[in-house]
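A.B. asks: Here the protein sequences come in this chain order: A and B. Heads up: the first sequence at position 439 corresponds to 438 in numbering that gives the first Met the number 0, and the numbers run straight through without jumps. Heads up: the second sequence at position 34 corresponds to 33 in numbering that gives the first Met the number 0, and the numbers run straight through without jumps.
Keep in mind that the hints are not guaranteed to be accurate.
[Claimed, not checked] Restricting the straight-line Cα-Cα distance to at most 25 angstroms, the calculated cross-link-like pairs of lysine to any residue (SDA-like) are: (1) A:LYS113 to B:SER60; (2) A:LYS357 to A:LEU66; (3) A:LYS205 to B:THR39; (4) A:LYS77 to A:ILE150; (5) A:LYS47 to A:ILE163; (6) A:LYS113 to A:ALA206; (7) B:LYS27 to A:ASP192; (8) A:LYS113 to B:VAL26; (9) B:LYS71 to A:MET193.
If you're looking for bench data, these hints aren't it; they were derived computationally from the structure.
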Amino acid sequence: MPKSRPAVLLIGHPNSGKTSLFNILTHSRHKTVNYPGSTIDYGIGTCKLSFESDVFVVDTPGIRSLLPKTLDEEVTLKSLYHVDDLVASSSQTPDLIVVVLDGGRLSLQLPLLKQLKDLGFPLMACLSKQDLEGKSHALFDASILSEKLGIPIVPVSMPKSKGISALKRVMSAQLARPHLSPKENRQLANFKDMMAALQWSEEICKASMRSEKPKIGFDLDLYLLHPFWGAVGFFFIMTGLFWLIFAAAKPFMNGIQSLFSTIIPWVHMILGAGWFSQLVSDGILGGIGSVLIFVPQIFLLFFALGLLESSGYLARGAVIIDRPLSAIGLNGKSFVPLLSGCACAIPAMMAARTIPEKRARLLTLLMIPLMTCSARLPVYGLLVFLLFGQDSFKSGLAMTGIYISSVVLASVIIGVIGKFFMPQKNHVHSSFQIELPPWHLPRISNVALSAFHQTIGFCKNAGPIIMGLGVCIWALSTYPSPDHAYIFTLGHWIEPILKPMGVDGRVGIALLLAFAAREVFVSSLVLIFSAGHPGELLLSLKTATFLGTTTLLFTPATILGLIVFFMVSLQCTATVAIARKEMGSWRMALGMTAGYILLAYGLAVVVVQGF
Amino acid sequence: MGTALLSELTTHNQDAVITELELEDSVKECLFDYGFVPGTPISFLAKAPFGGPISFRLRDSKIAIRHDIAAKIHIQFLS
Chain A
0 MPKSRPAVLL
10 IGHPNSGKTS
20 LFNILTHSRH
30 KTVNYPGSTI
40 DYGIGTCKLS
50 FESDVFVVDT
60 PGIRSLLPKT
70 LDEEVTLKSL
80 YHVDDLVASS
90 SQTPDLIVVV
100 LDGGRLSLQL
110 PLLKQLKDLG
120 FPLMACLSKQ
130 DLEGKSHALF
140 DASILSEKLG
150 IPIVPVSMPK
160 SKGISALKRV
170 MSAQLARPHL
180 SPKENRQLAN
190 FKDMMAALQW
200 SEEICKASMR
210 SEKPKIGFDL
220 DLYLLHPFWG
230 AVGFFFIMTG
240 LFWLIFAAAK
250 PFMNGIQSLF
260 STIIPWVHMI
270 LGAGWFSQLV
280 SDGILGGIGS
290 VLIFVPQIFL
300 LFFALGLLES
310 SGYLARGAVI
320 IDRPLSAIGL
330 NGKSFVPLLS
340 GCACAIPAMM
350 AARTIPEKRA
360 RLLTLLMIPL
370 MTCSARLPVY
380 GLLVFLLFGQ
390 DSFKSGLAMT
400 GIYISSVVLA
410 SVIIGVIGKF
420 FMPQKNHVHS
430 SFQIELPPWH
440 LPRISNVALS
450 AFHQTIGFCK
460 NAGPIIMGLG
470 VCIWALSTYP
480 SPDHAYIFTL
490 GHWIEPILKP
500 MGVDGRVGIA
510 LLLAFAAREV
520 FVSSLVLIFS
530 AGHPGELLLS
540 LKTATFLGTT
550 TLLFTPATIL
560 GLIVFFMVSL
570 QCTATVAIAR
580 KEMGSWRMAL
590 GMTAGYILLA
600 YGLAVVVVQG
610 F
Chain B
0 MGTALLSELT
10 THNQDAVITE
20 LELEDSVKEC
30 LFDYGFVPGT
40 PISFLAKAPF
50 GGPISFRLRD
60 SKIAIRHDIA
70 AKIHIQFLS
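Please put together the full structure from these sequences, using the hints given.
C.D. replies: As C-alpha cells, this is what we get:
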C-alpha cells in the first residue's frame with residue numbers, strides 16, 4: 000500500500016490552463032491513468048510543496064458547472080467526492096481544490112467557484128492567462144478578487160512558470176488548515192440562480208478590474224471560419240497534417256524495421272534452433288516489432304493533433320465540418336476522431352469520447368474502422384502497383400481515388416446504418432456547442448510531452464493484444480510443420496468461399512494472415528508466391544495463375560475486388576477490442592466486425608463478377 | 000431598436016442583447032453554461048461554410064452554435 004498523501008484537485012473550465020499548471024507542478028513525473036469504469040483520462044502526479052511534504056495532484060477534465068450534463072462532467076464530479084479511488088489519499092474528498100481561472104474570460108468562471116465554495120470544499124484559486132500577447136497585462140487585481148471571493152487567489156504565468164513558488168506556499172498553508180467535510184452535491188442551482196450568479200460574477204469582475212482587455216485588431220476567425228475561405232483553409236490544413244503523418248514518420252518506421260530485422264536473426268543465433276528460439280524471435284519479437292513500427296506514426300499523429308489542438312484550429316475544423324457530417328447523423332465533434340482514424344483506429348476510438356450525442360458517438364465509432372488507416376497503405380500500394388506497374392502518375396491518381404472513394408463509401412455505409420438500423424427516436428435538439436479558444440502559438444515541448452504520454456498509453460493498451468495474436472499466428476503457421484502448417488489447411492478449407500472473389504486459397508491464406516495486421520497481407524503474398532526472392536515478387540504475382548491452369552490470378556477485376564475488400568473489411572483485432580471497450584458491448588463490436596467483413600466480401604464479389 | 004432572432008444577426012459591428020431562449024430546459028441549461036443568459040450582449044463573428052454553425056462573441060469568448068438553436072434565441076438590437 001503506497002503511503003497516503005494529501006490530494007489536491009485541479010478544477011476549472013475547459014481550456015483554462017489546468018493541464019499546463021499540472022505539468023509545471025508535477026514536472027515530468029505525471030502519468031495518465033484510466034479511471035475505472037469511466038471514459039475520461041485523469042492526470043495524476045505528485046508535487047513537492049516543501050522539503051518534507053509531497054502531495055498528489057489530480058488534473059481533471061474541464062467542467063462548466065456542478066450540474067453534470069455530459070459523461071465527462073459526471074466523471075469529473077465523481078473525483079470531487081471519491082478522490083480516494085484515484086490516489087492513495089486518506090480522505091474521500093480532496094484535501095484542497097485549486098480552481099484554475101482563465102483571466103481572459105473570468106466572468107463566466109466564477110459561478111463554478113461559488114458553487115464549490117457553497118458546498119464547503121477547501122478552496123483556493125490561481126489566476127492564469129493574464130498575460131496576453133507576451134505583455135503582462137494584469138487584467139484583474141488578484142488581491143481585490145481574493146477579498147471579494149473570500150479565498151486565496153494567486154496570479155500565475157504558465158509559460159514562464161511565474162508565481163508558482165507563491166502558489167506552492169499558499170497551497171501548503173491551505174493544506175495545514177483544518178477543514179470540515181463538504182456537503183453533498185444536491186440540486187444546486189436553477190435557471191434564475193445561474194442568471195443571478197452571472198450578475199454577481201460580473202460585479203466582482205468590474206470591481207477587481209485593473210485594465211481593459213486590449214482589443215485585438217486582426218482576427219484569424221474572420222478568414223478561417225469564412226463561408227468560402229474557411230473551406231479553402233480547411234483543405235490546406237488537412238493536407239499538411241497528412242503529409243506530416245505519412246511522410247515524416249517514414250524514416251523512423253524504416254529505422255525500427257531495420258533494427259528488428261537485425262535483432263531477430265541475432266536472437267535466433269544466440270538461442271540456437273528449436274521451438275523456443277522460434278517462438279521468441281518470430282512470434283514474440285516479430286509481434287513487438289509490428290507494434291513498434293507504427294509508434295512513430297502514432298506519436299506524430301498525436302503531435303500533429305496536439306499542435307492543431309493547442310493552436311485552437313481543431314475547434315474551427317469541427318465548426319466547418321459540422322454541417323456535412325450532420326447530414327449522415329454525425330456531429331462536428333466527430334471530426335477529430337475521424338481524422339485520427341486515418342492513421343489508426345485505436346486512438347481515434349478513444350478520441351470519440353468527446354462527442355456529446357450518444358447516437359452520433361456510436362455512428363462515429365462505426366465509421367472510424369472505414370477510414371483509410373496507415374496499415375492499409377502498403378496493401379493499396381502493392382495492389383495499385385499490380386494494376387499500373389511503374390506508372391507513378393496513374394498510381395498516384397489511383398491512391399488519391401482510393402482515399403476519396405473510401406470516404407464516400409464510408410459516408411454511404413454510415414448514412415444507411417444511421418437511417419435503417421439506428422433511427423433517430425424522436426426529434427431532439429441537435430447538440431453542438433463549442434467554445435472557440437483564443438489562437439495560440441503552440442509550445443512544442445508541452446505538445447511533445449503530451450504526445451509521448453499518449454503514445455505510451457497506446458502501447459500499453461494495444462501491445463498485449465497484438466503480441467498475443469502474433470504468437471497464435473506464429474504457432475498456426477509453424478505447426479505441425481512449416482510446409483504443412485495448420486494455416487495452409489485453413490487456406491484450403493476457405494478456398495470455395497474465395498472463388499467468387501476471383502482468387503485462390505493461397506491469396507486466402509494471405510487474407511487470413513492479414514487479420515493479424517493488414518500489412519501482413521503484403522509480406523504473406525511475398526512469402527507464398529516468390530518463396531524468398533523479393534525481387535521477383537511483382538513478376539511472379541503478375542504472372543501468377545490458378546493452380547494447375549493458365550488463368551491469370553491478378554486481373555484488374557480481382558485487384559479492384561481486393562481493394563474494395565480492404566476498404567470495408569475490419570481485420571484489426573485491436574480495433575475490435577477497443578471498439579468493445581468504447582461501445583461498452585461485445586455484441587455491438589462483434590456485430591460491426593462481422594457486418595463489415597461480410598459487406599466487404601459481398602462488395603468484392605459484386606465488383607469481380609460485375610466487371 | 001428592434002427585436003429579431005439570433006440567427007438573423009449576420010453583420011459585424013451590430014450589437015445585440017439576448018432577451019429570451021425558447022428552448023427545452025436541457026438545451027437551455029447547456030447554453031447557460033456557455034453564458035447564453037438573457038441580458039447578455041452578443042455580436043456576430045462568422046458563418047461557417049455549407050450553412051454550418053454560426054459563431055458569436057459573448058462575454059470575452061467566442062462560441063459556435065448550430066443554426067436551428069440560434070433560430071430559437073431572441074435578441075434585441077442595440078443602436
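A.B. asks: Compare the structure with each hint and give your call.
C.D. replies: Here is what the structure says about each hint:
Restraint check: the Cα-Cα separation between A:LYS113 and B:SER60 comes to about 20 angstroms, which is no more than 25 angstroms; the hinted pair holds. At roughly 19 angstroms between alpha-carbon atoms, A:LYS357 and A:LEU66 fall within 25 angstroms of each other, so this suggested pair holds. Taken as a hint, the A:LYS205 and B:THR39 pair is honoured in the structure, with Cα atoms around 15 angstroms apart against an allowance of 25 angstroms. Taking the CA atoms of A:LYS77 and A:ILE150, the gap is near 23 angstroms; set against the 25 angstroms cutoff, the hint holds.
Restraint check: the Cα-Cα separation between A:LYS47 and A:ILE163 comes to about 12 angstroms, which is no more than 25 angstroms; the hinted pair holds. For the hint pairing A:LYS113 with A:ALA206, the CA-to-CA distance comes to about 17 angstroms; that is within 25 angstroms, so the pair holds. Annotation: proposed proximity of B:LYS27 to A:ASP192 holds, straight-line Cα distance about 14 angstroms (limit 25 angstroms). The hinted pair formed by A:LYS113 and B:VAL26 meets the criterion: a straight-line CA distance of about 23 angstroms does not exceed 25 angstroms.
Straight-line distance between C-alpha atoms of B:LYS71 and A:MET193 comes to about 20 angstroms, which keeps the hinted pair within the 25 angstroms bound.
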